[in-house]
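Based on these hints, arrange chain B on the given structure of chain A.
There are 2 protein chains.
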Amino acid sequence: MCELLGMSANTPTDICFSFTGLMERGGRTGPHSDGWGIVFYEGRGARAFHDPKSSAQSPLAKWVKAYPIKSEIVLSHIRQANVGAISLENTHPFQRELWGRSWSFVHNGQIPRVKEISLNFYLPIGETDSEHAFCWILDQLRENYASIPDTNQKWLALVADICAELAKLGVFNMLLSDGEVLLSFCSSKLYWITRQAPFDQVTLKDTELTVNFAKETTDQDKVTIIATEPLTEDECWQHYESGEFRAFLRGDSIFESVVAV
Amino acid sequence: MCELLGMSANTPTDICFSFTGLMERGGRTGPHSDGWGIVFYEGRGARAFHDPKSSAQSPLAKWVKAYPIKSEIVLSHIRQANVGAISLENTHPFQRELWGRSWSFVHNGQIPRVKEISLNFYLPIGETDSEHAFCWILDQLRENYASIPDTNQKWLALVADICAELAKLGVFNMLLSDGEVLLSFCSSKLYWITRQAPFDQVTLKDTELTVNFAKETTDQDKVTIIATEPLTEDECWQHYESGEFRAFLRGDSIFESVVAV
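Sequence order for the protein chains is A and B. Counting along the first sequence from 1, when you hit position 182 you're at 182 in this note's numbering, and nothing is skipped either side. Counting along the second sequence from 1, when you hit position 168 you're at 168 in this note's numbering, and nothing is skipped either side.
Bound-form chain A, shown alone (with noise of 0.2 Å):
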């Protein structure tokens, strides 16, 4: 298993906090010692950290948990390898670009006979069950618009139906963003917490850090975080339904929808 983080804000807000206890789970406190990777969106740009090393030992990863880089949406990935070598093209996030846009996409699980299923557009680098799955993503969401939408409604619910149809191959928890909106779909495990005013001070459990959110934030802020494991110890995450797919703009959940798997 691999673990996943992402986060929808509607203000640039760094990350610095969630990653660093993201991190000492590869390696450290946790066994996901096969690289890492992560995307900040900027506007439409997308900057991206990618590491076939383990995180708690990777010097990069060292310099992006203390240099604070502001973002509306962030998603990244800690990866225990299972389908496919440990390389720099094995690692998450994957990137292509779509109606103009950055999609970045992680994933937690394994649906090996992804592969089976024949791509169109857009074809893997590395050997991931995940990319492969990206790909197709992707693929369907091209063939079926060849533009943006009007409205985020069509291609979410689109989106979801195809993460369902993902499901039915194994374990399906995943992350995607197009720099606009977070998607997000759990088939085993996923957590989510939304952080607004009033702010608290928040402890992580991987690690002795804590910070006093209040000091950080207006009364404005709404901050969103997705993980596979609750971060912090002091709060309450709401757990994702198994077959859940939910998608959030600026740190709103603007379309939920649940599915049996």
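FYI, nobody ran anything at the bench for these hints, they're computed from the structure. This list has only true hints and no planted wrong ones.
As the list makes no split between identical chains, a pair holds if one copy fits it or if it spans any two.
For lysine-lysine, the following DSS-like pairs were computed, each having C-alpha atoms within a straight-line distance of at most 27 Å: (1) K205 to K70; (2) K53 to K70; (3) K53 to K65; (4) K62 to K205; (5) K62 to K215; (6) K65 to K189; (7) K115 to K189.
Relative to chain A, chain B alone:
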């Protein structure tokens, strides 16, 4: 004008030395203070760093200079903005997937009329003429070859023809790679040099730094560097002719052509 830097090597090589020289030109010895980026290929994977900040001031550039990432192909760019705002999405290198390979592109010059060309498959995420040109190159490769051609010569000749077309629209110096081959085209200014045994001591022009490559290399190593301006003061760099297209594989020049521009 922006500045370009490329490397093609027959063994994983770090580019810290050349990158250090280039970064000085981003706001200190040169005026290119509107962002910088670099892509390192490692196997089939590509690791990119982008920063809209001046490279001479950027904490991320400092990290990349200090941390030796060994790679067989590198593309880098420092920007002086002409077309498109200073933003992450307008920061080179641009990246896309074609034929299951990760492609990267950097451009120096101005070809604003390229935006009149309609695109089919690949769309720009930012507003630069450069990214539009990159999308057009990949569109034509995809239209001509649904999968990778059996010899490199075929698609290299096609890219050389496309570069000649683009050079009719203005100044078009570029580097392009699919992770195997490093392609280069010069419409106004570009230099290259191949370093191989016997290696010698060389000194950067832009900052006080000397490296003795004899200590860092083996007799089998072959490393070609391409740059807008020679980066060292004690080596003989070869000047590209206007209209010269050249492709490198593992440090060797494997294809060249010159068109009238």
